[in-house]
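Q: Sequence:
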Amino acid sequence: MRVLMPLALMVALWQAAVLLSQLPPFILPAPGAVLVEAWTSRALLATHGLVTLAEVLAGLAIGTAFGAATAIALHLAPPLRRIADPLLAASQALPVFVLAPVLTIWLGYGMGPKIAMTVLLVFFPVLSGLVDAMDAVPDAHLDLARIARASRLRTVLLLGLPHAAGGLRSGLRIAATYAPTGAVIGEWIGASKGLGYLMLMANARSRAELMFAALAVIVAFTLALRGAVGLWPAPGGQSPESRPIRAGTSAKSRATASGRADSSAAPP
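Take 1 as the starting number for the sequence shown in UniProt numbering and just add one per residue.
These are calculated hints, taken from the structure and not from any lab test.
Quick caveat: nothing in here was measured; it's all calculated off a predicted structure.
C-beta atoms are modelled at their ideal positions from N, C-alpha and C, and glycine is treated no differently.
Fair warning: there could be bad hints in the mix.
As the list claims (entries may be wrong) - Label pairs and their in silico Cβ distance ranges: (1) Asp135 - Ala228: 23 to 29 Å; (2) Val219 - Lys193: 41 to 47 Å; (3) Ala33 - Ala84: 48 to 54 Å; (4) Arg82 - Ala33: 52 to 58 Å; (5) Val102 - Met201: 33 to 39 Å; (6) Leu50 - Ile83: 39 to 45 Å; (7) Ala12 - Leu80: 51 to 57 Å; (8) Ala12 - Asp85: 45 to 51 Å; (9) Asp135 - Leu9: 36 to 42 Å; (10) Phe97 - Leu153: 34 to 40 Å; (11) Trp106 - Leu153: 31 to 37 Å; (12) Ala46 - Leu13: 25 to 31 Å; (13) Pro24 - Arg82: 54 to 60 Å; (14) Trp232 - Lys193: 29 to 35 Å.
Using the sequences and the hints given, assemble the complete structure.
A: Here is the structure:
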């Protein structure tokens with residue numbers, strides 16, 4: 001319902017714009033005409049839509065994996081993070097879309113450059129969400145890990161990553177919004193199939209209804225991806241005391257460590 005109401009309002013405003021502007025259909029088609037075209041060309045939309053969906057899902061998966069691996073590496077190696085932070089910040093000043101022609105030259109006209117574009121758009125939101133969330137692990141939990149003599153890697157895996165689940169969820173919601181855009185931009189630069197390619201062909205033939213129908217499918221992909229991420233439950237409240245940090249650590253030692261952390265946090 002939260003999605004349907006804004007969509008219904010958007011369609012109503014669209015229909016009102018068609019009626020008030022009196023623009024010809026090849027410039028601004030009516031929603032009803034787009035719906036009819038979508039049904040008539042459903043096989044064509046499905047064929048090209050599956051290509052774009054495959055590019056989006058592949059780019060989302062690879063970008064998430066790279067983002068998570070980089071976040072863990074930066075958290076494990078503070079010197080590396082001090083070097084990488086300004087480089088990552090500077091990379092965001094360069095619009096990713098300007099790399100599309102270069103990626104097409106390097107990777108050809110297949111799915112490669114589209115997936116690469118999607119990976120570039122997904123990588124930074126996932127990385128940023130994970131790094132910020134892992135930095136927010138409570139000091140008391142980190143003290144408990146030190147008392148238990150957990151290695152830095154084990155601390156990250158058993159404390160950092162579970163605590164970062166919320167950050168990953170937030171990063172994926174942003175990445176899911178950007179991912180279809182990356183694939184479509186790549187298809188605009190050079191492709192022989194996909195919804196971006198279909199939009200270009202429809203525009204060249206003045207088939208505005210088909211172009212808007214392809215755009216509607218892209219919007220549906222974006223909403224579906226965001227909805228799928230939204231189904232991910234919020235991270236639970238499991239405490240470090242209930243999660244074994246180090247094999248062989250007794251319940252008594254964990255309780256002692258917890259008491260020390262609590263006493264150190266108490267005011268004098």
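Q: Indicate, hint by hint, whether the structure satisfies it.
A: We went through each hint and held it up to the structure:
1. Asp135 - Ala228: 23 to 29 Å: 27 Å, holds
2. Val219 - Lys193: 41 to 47 Å: Check failed, 20 Å falls outside 41 to 47 Å.
3. Ala33 - Ala84: 48 to 54 Å: Hint holds: Cβ distance 51 Å, inside 48 to 54 Å.
4. Arg82 - Ala33: 52 to 58 Å: Holds, at about 57 Å.
5. Val102 - Met201: 33 to 39 Å: 24 Å, violated
6. Leu50 - Ile83: 39 to 45 Å: 41 Å, holds
7. Ala12 - Leu80: 51 to 57 Å: 52 Å, holds
8. Ala12 - Asp85: 45 to 51 Å: 46 Å, holds
9. Asp135 - Leu9: 36 to 42 Å: 39 Å, holds
10. Phe97 - Leu153: 34 to 40 Å: Given a distance of about 37 Å, which is inside 34 to 40 Å, the answer is holds.
11. Trp106 - Leu153: 31 to 37 Å: 34 Å, holds
12. Ala46 - Leu13: 25 to 31 Å: 28 Å, holds
13. Pro24 - Arg82: 54 to 60 Å: 58 Å Cβ-Cβ, so the 54 to 60 Å window holds.
14. Trp232 - Lys193: 29 to 35 Å: Holds, at about 31 Å.
Taken one by one, the earlier hints fail for this structure at numbers 2, 5, listed in ascending order.
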